[in-house]
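Using the sequences and the hints, build the whole thing.
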Amino acid sequence: MDAALLPGHVMHRRLHGPDYRFRYRVVSALFDIDRIEDLARNRRWFSLDRFNLFSLHTRDHGRRDGTPWRPWVEARLREGGLEPDGGAILLQATPRVLGHAFNPLSIWYCHQMDGHLQAVLLEVRNTFGEHHHYLLPAGDSAGGMLRGEQDKVFHVSPFIDMDARYAFAVTAPELREGSSMRVAIREYQDDRLLLVATQHGHVRPMTDAALLRQWARMPWMTLQVLFLIHWQALKIWWRGGRYHPRPDPPEKELS
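Residue 33 in our numbering is what sits at position 33 of the sequence shown, and the numbering runs on without skipping anything.
Think of the hints as simulated: they come from the structure by calculation, not from any bench.
Note that the structure is predicted; figures quoted are calculated from it, not measured.
It is possible that some hints are incorrect.
Ranges between beta-carbon positions, derived for each pair [to be verified]:
1) L15 / D38: 42 to 52 Å
2) G139 / P219: 33 to 43 Å
3) R70 / D191: 35 to 45 Å
Each computed EDC-like pair below joins lysine to aspartate or glutamate, with the alpha-carbon atoms no more than 16 Å apart [to be verified]:
4) K252 / D151
5) K152 / E130
6) K152 / D163
7) K152 / E251
8) K152 / E253
9) K152 / D190
10) K152 / D191
11) K252 / E79
12) K152 / D248
13) K252 / E130
Note that CB positions come from ideal geometry on N, CA and C, so glycine has one too.
So, in structure tokens, the structure goes:
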């Protein structure tokens, strides 16, 4: 399989301040970054770096200047004390739909040549056009689930301040039909759990027919994501959520 769709759901639950929960359907895609050019040549409704019903643009991720992704990802691994050996790198992201996309979270799954997962690189965006990356080395991933913790250094929600810490749990998907992915992010302040956010999905082949069906089901996917982010923020504010001004972004792009 050269690429996949990952239909599933996103859930957020706040456990401090206004108790609040929402869940909605999302679709992301999974790409082997070394095979995207071949994929684009073999799909009518998907393109690389040009307009189509669905498209992926190199300037939307990584260094964001249109240069190849692999050298950038491998540089981030080395920055985190890991040595890549040329293994497969899979990117999970929402492609552009009719030229537009917004990815609150994109994930780079970095493998070794023997197929074992070496690390996961979480690429987080906010609605101010800023982004940051959290690197999670795989180590001994018990039961296929990668776990890690990082201090919060990047502003995402105006209703949670920066004095917090993340606990991540990631189950990496494979480019195999039926394979599953799951990401759970728990945000703590001291020992108090503030927020739980999850995303899960299952791998489906990215055929031209599947792309058309997906567009028919969710033609305004990008606008829906942006609308829901602002709509949920408005409801939290209405219920008394405390507003925290946006701080300056971190100087380094990797934690």
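Evaluation of the provided hints:
1. In this structure, L15 and D38 meet the distance hint of 42 to 52 Å, their C-beta atoms being roughly 45 Å apart.
2. In this structure the hint that G139 and P219 lie 33 to 43 Å apart at CB holds, the actual value being about 42 Å.
3. For the pair R70 and D191, the supplied restraint of 35 to 45 Å holds, since their beta-carbon distance comes to about 40 Å.
4. Taking the CA atoms of K252 and D151, the gap is about 14 Å. The hint holds against a cut of 16 Å.
5. Straight-line distance between C-alpha atoms of K152 and E130 comes to about 15 Å, which keeps the hinted pair within the 16 Å bound.
6. Note on K152 and D163: the hinted pairing holds, with a Cα-Cα distance of about 7 Å set against a maximum of 16 Å.
7. For the hint pairing K152 with E251, the CA-to-CA distance comes to about 14 Å; that is within 16 Å, so the pair holds.
8. Note on K152 and E253: the hinted pairing holds, with a Cα-Cα distance of about 13 Å set against a maximum of 16 Å.
9. Using a Cα cut-off of 16 Å, the hinted pair K152 and D190 holds, with the two alpha carbons roughly 12 Å apart.
10. Annotation: proposed proximity of K152 to D191 holds, straight-line Cα distance about 14 Å (limit 16 Å).
11. Note on K252 and E79: the hinted pairing holds, with a Cα-Cα distance of about 11 Å set against a maximum of 16 Å.
12. Distance restraint check for K152 and D248: the Cα-Cα separation of roughly 13 Å lies within the 16 Å cut-off, and the hinted pair is therefore satisfied.
13. A C-alpha spacing of about 12 Å is found between K252 and E130, which places the hinted pair at or below 16 Å, so the restraint holds.
Hint compliance for this structure: every hint is met.
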